[in-house]
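Below are the chains, spelled out letter by letter.
2 protein chains.
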Amino acid sequence: MKIGILGYGNLGRGVEAAVKQNPDCELTAVFTRRDPSTVKILTAGVPVYNVSEVEKHKDEVDVLIICGGSATDLPKQTPEYAKYFNVIDSFDTHAKIPEHFANVDTVAKDFKHTALISCGWDPGLFSLNRLYANCILPNGKDYTFWGKGVSQGHSDAIRRIEGVKDGKQYTIPVQAALDAVRSGSNPDLTTRQKHTRECFVVAEEGADKARIEKEIKEMPNYFADYDTTVHFISEEELKKNHSGIPHGGFVIRSGKTGWDNEFNNVIEYSLKLDSNPAFTSSVLVAYARAVYRMNKEGQTGCKTVFDVAPAYLSPLSGEEIRAHLL
Amino acid sequence: MKIGILGYGNLGRGVEAAVKQNPDCELTAVFTRRDPSTVKILTAGVPVYNVSEVEKHKDEVDVLIICGGSATDLPKQTPEYAKYFNVIDSFDTHAKIPEHFANVDTVAKDFKHTALISCGWDPGLFSLNRLYANCILPNGKDYTFWGKGVSQGHSDAIRRIEGVKDGKQYTIPVQAALDAVRSGSNPDLTTRQKHTRECFVVAEEGADKARIEKEIKEMPNYFADYDTTVHFISEEELKKNHSGIPHGGFVIRSGKTGWDNEFNNVIEYSLKLDSNPAFTSSVLVAYARAVYRMNKEGQTGCKTVFDVAPAYLSPLSGEEIRAHLL
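Going down the list, the sequences are from chains A and B. Using the UniProt record's numbering, you'd call the opening residue of the first sequence number 1 and step up by one each time. Using the UniProt record's numbering, you'd call the opening residue of the second sequence number 1 and step up by one each time.
Keep in mind that the hints were calculated from the coordinates and are not lab data. Hints should not be assumed to be uniformly reliable.
Mimicking BS3-like on lysine-lysine, the simulated pairs with C-alpha atoms at most 25 Å apart in a straight line are [to be verified]:
| # | chain 1 | residue 1 | chain 2 | residue 2 |
| --- | --- | --- | --- | --- |
| 1 | A | Lys-296 | B | Lys-109 |
| 2 | A | Lys-165 | A | Lys-239 |
| 3 | B | Lys-148 | A | Lys-141 |
| 4 | A | Lys-83 | A | Lys-56 |
| 5 | B | Lys-56 | B | Lys-76 |
| 6 | B | Lys-56 | B | Lys-148 |
| 7 | B | Lys-109 | B | Lys-296 |
| 8 | B | Lys-148 | B | Lys-2 |
| 9 | B | Lys-240 | B | Lys-165 |
| 10 | B | Lys-296 | A | Lys-296 |
| 11 | B | Lys-141 | A | Lys-148 |
| 12 | B | Lys-109 | B | Lys-58 |
| 13 | B | Lys-296 | B | Lys-58 |
| 14 | B | Lys-239 | B | Lys-209 |
| 15 | A | Lys-141 | A | Lys-56 |
| 16 | A | Lys-76 | A | Lys-112 |
| 17 | A | Lys-148 | A | Lys-239 |
| 18 | A | Lys-109 | B | Lys-239 |
| 19 | A | Lys-20 | B | Lys-141 |
| 20 | A | Lys-141 | B | Lys-20 |
| 21 | A | Lys-141 | A | Lys-165 |
To give an idea of the interface, some chain B residues facing chain A are shown, with a C-beta separation under 8 Å as derived from the structure [as the list claims (entries may be wrong)]:
| # | residue |
| --- | --- |
| 22 | His-94 |
| 23 | Ala-157 |
| 24 | Asn-264 |
| 25 | Lys-272 |
For glycine and all other residues, C-beta sits at the position ideal for the given N, C-alpha and C.
Start from the sequences, fold in the hints, and give me the full structure.
Right, here's the structure in full:
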């Protein structure tokens with residue numbers, strides 16, 4: 001299976017590494033908006049092209065993994081490149097998924113390609129677990145916790161404050177809330193009860209730290225509804241201890257079974273990831289295999305993880321997965 | 001969707017309760033090997049027939065959920081009833097799945113029915129999680145822990161010992177082993193390091209308890225490879241404290257991502273179930289919905305959970321699940 005990467009940032013580099021782990025996959029091209037001569041990739045012998053040349057290379061790629069951002073890149077890129085390729089993206093603006101789906105579906109169907117949107121872990125694996133658990137325990141309640149991990153959006157919000165040179169924000173699930181959910185008591189939890197936020201901030205020299213801390217803690221939507229801790233540290237400390245992009249989280253559904261709802265059940269799914277983009281990329285590559293196969297079977301149009309039978313993800317045959325994994 | 005139940009034991013009763021929780025499902029018939037007049041079911045107005053009459057009622061049932069045992073019932077029943085119905089079973093003899101699959105597949109294809117075998121939580125949801133995690137983290141290691149829960153097989157083994165009136169066995173995962181796996185250290189664990197076994201035994205009056213304990217602890221395959229604790233208790237105590245059938249467990253895959261395998265990742269799925277058969281039944285009913293739909297689309301033959309796109313399990317439309325669960 002020939003994989004193309006569009007966009008060589010953290011996610012694109014993750015896809016490159018994931019392709020290396022899958023012997024049935026081969027990286028055949030990287031497309032970038034930058035000058036290709038300035039982009040050095042790790043895989044020997046693979047060409048880097050400018051994105052303007054993408055159409056010329058459409059027969060060299062079975063699945064194009066689009067590694068753009070959800071805010072402005074993917075809404076344009078995924079429908080555009082679905083003209084030339086089977087495509088897959090990690091579009092994660094939950095509220096705009098129906099619109100993005102419709103746009104991609106039209107093009108993919110017209111051009112007889114298969115597209116998969118919103119793939120990764122949330123949306124993606126977490127969505128799958130919400131769906132499975134909801135179908136199995138219709139009488140129950142869902143909980144999603146994120147972290148401990150770095151939120152890029154919240155880190156960006158800190159860095160926009162005057163006097164802040166750099167900063168990193170961790171989202172942390174509250175242990176007491178997790179314990180209450182796991183007990184099966186189906187608690188009602190406020191935003192504040194579920195997560196705390198911890199910020200590591202490098203202030204500009206002479207900046208008013210008290211004002212920065214106040215601005216962070218009172219920032220609407222981002223921090224005001226949470227218990228937030230702010231630590232001022234040096235630039236060296238930030239680099240040394242907070243340069244990673246770990247993440248993870250928990251999807252829990254607790255629900256009742258039995259004629260009189262007398263039995264309690266807790267289904268829990270969790271991820272603990274040293275690198276958010278490297279893991280997301282690994283999910284994208286597994287689903288690229290599914291996209292490739294579904295297209296070969298004539299299943300065209302836009303799909304999500306909900307539409308993909310799990311067997312399509314595996315390099316093994318049906319006989320092998322039944323014998324070894326069932 | 002009209003559901004039929006074949007076999008009205010713990011699992012059949014669980015299916016009956018699960019059908020009640022799903023408004024798009026209706027129980028239309030229960031089939032039993034017993035004299036139907038002796039079988040009282042909970043759902044008002046639903047007939048109980050002897051299994052010999054099953055063919056007469058084939059048009060009254062969209063999916064027949066076969067609630068027999070894996071040792072002798074299902075290998076005969078599932079291929080037999082796939083002649084008349086779309087069928088689903090919870091066949092759990094892992095080593096014989098390929099053979100059972102082939103037998104059921106032939107009949108289901110001949111009669112244009114859809115069959116799903118080995119559905120439940122292990123095999124079933126645990127298998128799904130092994131598959132997803134293996135595809136996403138090809139460079140990693142799988143761990144499955146069972147419990148804390150009642151093992152019927154081990155409880156039966158205890159009850160076969162001379163001088164034992166009744167008994168119940170709990171399989172318990174070792175916390176230190178779970179912790180080691182969750183740390184991402186990919187430990188090699190022996191059978192003894194992963195689980196302990198705890199037995200609650202009611203001895204016949206005058207029985208030699210020391211001998212019973214020794215026989216349990218030294219029983220090959222069942223107990224000899226484990227650290228086993230034996231408690232002798234009264235019949236009343238057993239009834240009062242050990243009459244439930246709780247179970248659960250953990251599927252964990254720990255693996256590396258990144259160009260130099262520099263990032264660690266842990267994917268964990270766990271279940272905590274007050275009643276093993278009631279939960280298994282809930283899984284069966286969700287998958288019965290998938291079987292019904294796949295049959296309407298012409299997807300006949302034998303399937304496993306690996307072949308079922310998750311969307312088929314949900315009573316909601318594609319639009320709804322994309323908007324609310326993705």
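Hint check results:
{"no.": "1", "hint": "A:Lys-296 to B:Lys-109", "verdict": "23 Å, holds"}
{"no.": "2", "hint": "A:Lys-165 to A:Lys-239", "verdict": "13 Å, holds"}
{"no.": "3", "hint": "B:Lys-148 to A:Lys-141", "verdict": "23 Å, holds"}
{"no.": "4", "hint": "A:Lys-83 to A:Lys-56", "verdict": "12 Å, holds"}
{"no.": "5", "hint": "B:Lys-56 to B:Lys-76", "verdict": "19 Å, holds"}
{"no.": "6", "hint": "B:Lys-56 to B:Lys-148", "verdict": "43 Å, violated"}
{"no.": "7", "hint": "B:Lys-109 to B:Lys-296", "verdict": "14 Å, holds"}
{"no.": "8", "hint": "B:Lys-148 to B:Lys-2", "verdict": "35 Å, violated"}
{"no.": "9", "hint": "B:Lys-240 to B:Lys-165", "verdict": "16 Å, holds"}
{"no.": "10", "hint": "B:Lys-296 to A:Lys-296", "verdict": "23 Å, holds"}
{"no.": "11", "hint": "B:Lys-141 to A:Lys-148", "verdict": "23 Å, holds"}
{"no.": "12", "hint": "B:Lys-109 to B:Lys-58", "verdict": "17 Å, holds"}
{"no.": "13", "hint": "B:Lys-296 to B:Lys-58", "verdict": "16 Å, holds"}
{"no.": "14", "hint": "B:Lys-239 to B:Lys-209", "verdict": "20 Å, holds"}
{"no.": "15", "hint": "A:Lys-141 to A:Lys-56", "verdict": "50 Å, violated"}
{"no.": "16", "hint": "A:Lys-76 to A:Lys-112", "verdict": "19 Å, holds"}
{"no.": "17", "hint": "A:Lys-148 to A:Lys-239", "verdict": "19 Å, holds"}
{"no.": "18", "hint": "A:Lys-109 to B:Lys-239", "verdict": "61 Å, violated"}
{"no.": "19", "hint": "A:Lys-20 to B:Lys-141", "verdict": "18 Å, holds"}
{"no.": "20", "hint": "A:Lys-141 to B:Lys-20", "verdict": "18 Å, holds"}
{"no.": "21", "hint": "A:Lys-141 to A:Lys-165", "verdict": "42 Å, violated"}
{"no.": "22", "hint": "His-94", "verdict": "7 Å, holds"}
{"no.": "23", "hint": "Ala-157", "verdict": "25 Å, violated"}
{"no.": "24", "hint": "Asn-264", "verdict": "5 Å, holds"}
{"no.": "25", "hint": "Lys-272", "verdict": "4 Å, holds"}
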